[in-house]
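Visitor: Chain residues, written in single-letter form:
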Amino acid sequence: AQSVAQPEDQVNVAEGNPLTVKCTYSVSGNPYLFWYVQYPNRGLQFLLKYITGDNLVKGSYGFEAEFNKSQTSFHLKKPSALVSDSALYFCAVSPLRNTGFQKLVFGTGTRLLVSP
Amino acid sequence: DAGVTQSPTHLIKTRGQQVTLRCSPKSGHDTVSWYQQALGQGPQFIFQYYEEEERQRGNFPDRFSGHQFPNYSSELNVNALLLGDSALYLCASIQSGEIQETQYFGPGTRLLVL
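If you read the sequences in order, they're chains A and B. Residue numbers for the first sequence follow this note's numbering, so the first one is 34 and each next one is one higher. Residue numbers for the second sequence follow this note's numbering, so the first one is 221 and each next one is one higher.
Among the hints, erroneous ones may be present.
Think about it this way: if two alpha-carbon atoms lie no more than 20 Å apart in a straight line, the pair counts; the simulated SDA-like pairs of lysine to any residue are [claimed, not checked]: (1) Lys110/A - Leu80/A; (2) Lys82/A - Val239/B; (3) Lys82/A - Gly223/B; (4) Lys82/A - His249/B; (5) Lys91/A - Tyr324/B; (6) Lys110/A - Ser61/A.
To be clear, the hints were calculated from the coordinates, so they are not data collected in a lab.
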């Protein structure tokens, strides 16, 4: 069965500093990997995804993530954090399956707190 | 381009009651999935509907049922509500047939069971 681990409940970073939110996964076969962000009292907003190809994926709001197959990781990064990046971040995995049968398995989330 | 919409935004029910939540998918999407997000946890997959049929189901009891209409909108029904059903219920839509799919989520319905 597929699973996702986000080892940090919270990440604290000062504005302007680089940030990393960690994610490791377990899935049979090749995975689809996703990052979503959730602001208070809101649904999930899509940030970026890895399907195939270049291991470095660029997404919305300056975020990027690096797929590392040997370490089964998909860490989210941003070179310079903003206070407005403070939110709850979810990593998700879906096994590569027939089109339309995508089922997301989420991690428990990491709260990012960016201080001014 | 309308995104995924859900109604109602909030709902309060008592144990044993039944509830219906509604979702309209993003324009151009034909597949709808439902997720339950309990407080402090990540979303858990409930089921997915395509062509008006349940296509996949997560580890949820039969008290959770759904429906998809010809216009691709969907309903989630929960019978015999338990306190543990209190959660944010998220609907996500996707277009089948695309190689690189992205599920887009609605704002959610927050259900409180007393």
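Visitor: Each hint: holds or not?
Guide: How the hints compare with the structure:
1. Using a Cα cut-off of 20 Å, the hinted pair Lys110/A and Leu80/A holds, with the two alpha carbons roughly 11 Å apart.
2. Our distance criterion of 20 Å between C-alpha atoms is broken by Lys82/A and Val239/B, whose separation comes to about 34 Å.
3. Between the alpha carbons of Lys82/A and Gly223/B the distance comes to roughly 19 Å, so the proposed pair stays at or under 20 Å and holds.
4. The hinted pair formed by Lys82/A and His249/B meets the criterion: a straight-line CA distance of about 19 Å does not exceed 20 Å.
5. For the hint pairing Lys91/A with Tyr324/B, the CA-to-CA distance comes to about 18 Å; that is within 20 Å, so the pair holds.
6. Pair hint Lys110/A plus Ser61/A does not hold up; C-alpha atoms about 25 Å apart against a cutoff of 20 Å.
When each numbered hint is compared with the structure, violations occur for hints 2 and 6.
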